[in-house]
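*Asks:* These protein sequence lines map, in sequence, to chains A and B.
Residue 45 in the UniProt record's numbering is what sits at position 45 of the first sequence, and the numbering runs on without skipping anything.
Residue 119 in the UniProt record's numbering is what sits at position 119 of the second sequence, and the numbering runs on without skipping anything.
Don't read these hints as lab results, they were simulated from the structure.
Quick reminder that beta carbons are idealized off the backbone N, C-alpha and C, glycines included.
One or more of the hints may lead you astray.
Label pairs and their in silico Cβ distance ranges [unchecked claim]:
#1 Gly-47(A) with Gly-45(B): 51 to 61 angstroms
#2 Pro-117(A) with Gln-18(B): 42 to 52 angstroms
#3 Pro-84(A) with Ala-33(B): 34 to 44 angstroms
#4 Arg-53(B) with Gly-57(A): 30 to 40 angstroms
#5 Asp-146(A) with Pro-187(B): 12 to 22 angstroms
2 protein chains.
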Amino acid sequence: MSTPRSGGRRADAVRNRQLALEAATALLSEPGAALTVEAIAGRAGLGAGTVVRAFGGKDALLDAAVSDLLEPVVRRARELCGHPEPDLALRTFLAELIAFQSAHHPLNDRLGGLDLPATTARRAELVAAVEEMLDRAQAAGLVRTDLEAPALTTLIGQTAYAVARSRPAAPELVDAYLTVLMDGLRPPR
Amino acid sequence: MSTPRSGGRRADAVRNRQLALEAATALLSEPGAALTVEAIAGRAGLGAGTVVRAFGGKDALLDAAVSDLLEPVVRRARELCGHPEPDLALRTFLAELIAFQSAHHPLNDRLGGLDLPATTARRAELVAAVEEMLDRAQAAGLVRTDLEAPALTTLIGQTAYAVARSRPAAPELVDAYLTVLMDGLRPPR
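Using the sequences and the accompanying hints, generate a full structural model.
*Replies:* Spelled out as structure tokens, the structure:
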């Protein structure tokens, strides 16, 4: 009897984990939604105890949800690292990143003070990919080399996020930002 | 008897107002300091009731303190509007604004939801002065005219604030930001 029972329990655990993850991901995209275990469990149609057992706690659950959310962004950044026009690749990536951050606007505000190792690792991957895009653009003579790549990467990350956060993130503002930034990144005249 | 007594009361009221204002201004510059009436009164050596009577409430007190804080920034922006090199004036002003915002980093985070009419008016004056600097730089052929001045002003405001907020607001980052921004604002090649 024990094999089918534990198999069923395992299947239940996998299903509950998936339901909780989907609920957390949905809540992360809703401005102002509470990110409590109770809210996540309620959305998933599970008990709070079940959610805690499936992930070991709220931090681990949010870490899984946020790092899943960032996964396609990292993949896209890496894909664009192979683009034949590295400056165009950078602009394309930043436009997509701003759209993503704008859609998940309150995300960062609600993750302060949590222990999110997988999310931290994904963010580091994202920064590394942007640095690679910049390196390639510098090597191709398309981006200035009189400023250090790490300063440029930090600068781009901070300012892009500010533009994404602005309400409303008007398309004219995003476009003006990308135009001024990309022209400012060109090698000085 | 009544004239000297009410004169003494008036002098007390003026003094208490000043003490409360100075205490609020000091607390505004301290990261993490609580901005409650009790904290302000405690710092000023006054009772909470005295502070409320002097200003009519916390919002009015903070409004007076923040708008006082912004007053020299607005004055400086207007002064720089008359500078013979409007692009240099803009860069100079932004460097000073970032230093100011960096020193008063948590200010905006702690003012959300308050009714601050004098502060709102000061901010509008600041935006108008930056728009005038940009207009002058555009008229002199030093800043691009293919992007609308209001979009540029918003863009500059948002991104400068993001750089000022970054911890640490490393001098290299501020310098990289100003260099990339000012080059990006030049008329396109």
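*Asks:* Give me the numbers of the hints this structure contradicts, sorted from smallest to largest.
*Replies:* 3, 4
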